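Produce the complete structure using the sequences and hints provided.
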Amino acid sequence: MGERRNLALINTRIPDKRSPEEEALPETIGSRRRLRACHECDWLVRLPPLHHGQSADCPRCGHTLSTRHYRPAERSLALAIASLLALIMAVTLPFVSFQVSGIGNRIALTETATTLIGMHQPLVAIGVVLTTIVLPMVYLLGVIWLQTGLLRRTLLPASRGIARALSHLHPWMMADVFIIGALVSLIKVAGMAEVSLGLAFWAFCCFALLLLLTTQSLDADWMWFSLAGEPTAPEGAVTGARASPQGLTGCPTCGLVNRLNADGNGRCRRCNERLHDRLPHSLQRTWALLVAAAVLYLPANIYPIMITTSFGDTEPSTIIGGVITLWQHGSYPIAAIIFIASVVVPVSKLIAMAWLCLQVPRSSDLHGVARTRLYRVTEFVGRWSMVDVFVVAILVALIRADNLMSIAPGAAALAFGAVVVLTMLAAMAFDPRLIWDPPLPRHSRSNDTSPSYSDHKDVAHDR
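Residues in the sequence shown are numbered from 1 upward in steps of one, following this note's numbering.
If you're looking for bench data, these hints aren't it; they were derived computationally from the structure. Every value quoted in this text rests on a predicted model; they were computed, and no experiment measured them. No residue lacks a Cβ here, since even glycine has one placed at the ideal position from N, Cα and C. You can take every hint at face value.
What follows is a list of derived Cβ distance ranges for each label pair:
1. Val347 to Thr154: 47 to 55 angstroms
2. Thr154 to Ala262: 38 to 46 angstroms
3. Val291 to His63: 22 to 30 angstroms
4. Val377 to Ile320: 22 to 30 angstroms
5. Asn272 to Ile320: 41 to 49 angstroms
6. Ala411 to Glu235: 54 to 62 angstroms
Structure follows, in structure tokens:
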């Protein structure tokens, strides 16, 4: 693979030295091909020719617009097949076992969900099995389907729909988070019983790594060009300016620049994704989800997240109580992981998202980069709060030795899982382009109103 380097986009024409996938684009001076509107700051730029190992970043906010890989179809296909085989092994082989005082238990990966169903926690069970097994499997099958068609140079049925679905599935796959939860669980159990790791545990570790590599190897820009070509951008598009005042927007799925109708809506000409000048009612939806998450965070901490029975004694444990117990027993790293994932991350995310919503009416380019970085960090770390839910799922399935030792899920498990999902949805509902929009006139400012398309049309291309 060639040396990797980032190319900050500049708004001048770049001489043609195309990679193979770009040679079909007869780009000339004044061409309207290869335009992109940044999804985070709305800056309209022209992509330079990219070779494998190179990426193109937005010159305004630093968001990566495209990354080119060597032989992207073969790379993604090989990784997806390897990931799927590792997942099959992880599901079919023994995952982990424990033994204490001559009594033990051995579980398969799927029992982390089925046991929760038997203990009247079906919603938590559905969340666990979807994020760790079902959605990753669907994603990998979709990648294999698409790349097989591209390598055969004959698209398989429903390829465009599958390509659209991949971008929506990505945030909800949490195999890497599950591995951290499994390690935390095993370290907690190791102090009480003898733990043995099965082949499925190591297979799942390989699967989590391969799945991560698969998602990173997917070259969406190349893939959509191969699937449906590259239609020219609308006439009159001016690079080095915001797309919104020009009545343009970039498709969040395939990246193509499209012209919106008078209401600021439309459909992508290439992938048929719904398009909006700004996400409809972005601030209202974000506020509603944040308030719901904050309300649920109270019972998530008041009620026990799991109930432990040891030698006939039953002891409920809250999130904070579990952290204190681990700290008192000298398990400082595990206590720190649980505290960060279950307390620091969700609380920080609620505060950060609320602060960004409050700052939107006072947005300015001066602080745009810092606020956008805060949004990226907030969006990235939210899913890691699921560690505590996965810890409960694993311990409930593994520790089943009647009155000698057993663990049951508490009422807080569902509430905390809902908090994680709601904060993730809040980050998705928030439109980061609002951070970069010029402030509305004073009489139009409102914390619960997102700027409309008509507001953007009357603002100059850049301040």
